[in-house]
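Listed here are the chains, written in short residue letters.
Protein chains: 2
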Amino acid sequence: MKNNTHHLAIKFGKTLRNLRLQANLSQEEFAHLCKIHRTYIGSIERGEKNITLEMANRVATVLGTSLSAMIALAEDIHDE
Amino acid sequence: MKNNTHHLAIKFGKTLRNLRLQANLSQEEFAHLCKIHRTYIGSIERGEKNITLEMANRVATVLGTSLSAMIALAEDIHDE
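First to last, the sequence lines map onto chains W and S.
Residue numbers 1 to 80, in the working numbering, belong to the letters of the first sequence in order.
Residue numbers 1 to 80, in the working numbering, belong to the letters of the second sequence in order.
Keep in mind that the hints are not guaranteed to be accurate.
To give an idea of the interface, some chain S residues facing chain W are shown, with a C-beta separation under 10 Å as derived from the structure [as the list claims (entries may be wrong)]: (1) 12; (2) 23; (3) 31; (4) 52; (5) 55; (6) 67; (7) 73.
Just so you know, these hints were derived from the structure itself, not from any lab.
By construction, the Cβ of each residue, glycine as well, lies at the ideal position given by its N, Cα and C atoms.
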């Protein structure tokens with residue numbers, strides 16, 4: 001089993017940050033829409049949080065996309 | 001924001017169960033491969049657990065698929 005878990009959290013965070021910036025939303029505005037705290041968004045974007053499927057789905061929904069599409073974008077990010 | 005969170009857990013659980021059965025694995029065998037407890041697999045399959053992205057990715061990897069593909073299958077399940 002490939003140990004790609006940590007990488008996925010990092011990549012999901014980068015994807016979230018990219019989509020949020022494309023939507024022209026600050027962390028604070030986005031957090032408000034998601035009904036979660038701004039600092040929590042920051043930690044997700046840095047890949048520090050082991051977020052739940054529920055929370056991942058919530059941010060995807062607020063961004064107007066599906067969770068599968070968002071995770072596909074994350075999986076497509078090349079390792080550095 | 002559409003309240004589809006609970007539905008997603010249920011649909012993810014059904015998808016997991018379908019893929020596990022297609023792979024001809026018992027819950028016990030699958031749990032062993034994932035290095036988690038059998039009862040935990042059961043609760044994920046019933047949509048009772050709010051699992052993490054990490055755990056969802058782990059079960060997808062063990063099933064030989066990507067998490068995005070697995071979630072796409074879950075999203076495609078029609079509401080009953």
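Could you check if residue 52 of chain S really has its C-beta closer than 10 Å to a C-beta on chain W? With a minimum Cβ separation of about 5 Å from chain W (threshold 10 Å), the hint on residue 52 of chain S holds.
With 10 Å as the cut and Cβ atoms as the points, is residue 12 of chain S at the interface with chain W? With Cβ-Cβ at 6 Å, under 10 Å, it holds.
Restraint satisfaction for residue 55 of chain S [CB to CB of chain W, less than 10 Å]: For residue 55 of chain S, the interface hint holds, since the closest Cβ of chain W sits about 9 Å away, which is under 10 Å.
So, as I understand it, the hint says residue 67 of chain S touches chain W; can you test that by seeing if any CB pair is closer than 10 Å? With Cβ-Cβ at 5 Å, under 10 Å, it holds.
Interface hint check: residue 31 of chain S, Cβ to nearest Cβ on chain W, cutoff 10 Å. Holds or violated? violated, 14 Å
Against chain W, with CB atoms and a cut of 10 Å, does the hint on residue 23 of chain S hold up? violated, 14 Å
Can you verify the interface hint for residue 73 of chain S: is its Cβ closer than 10 Å to any Cβ in chain W? holds, 8 Å
Of the numbered hints listed earlier, those contradicted by the structure are 2, 3.
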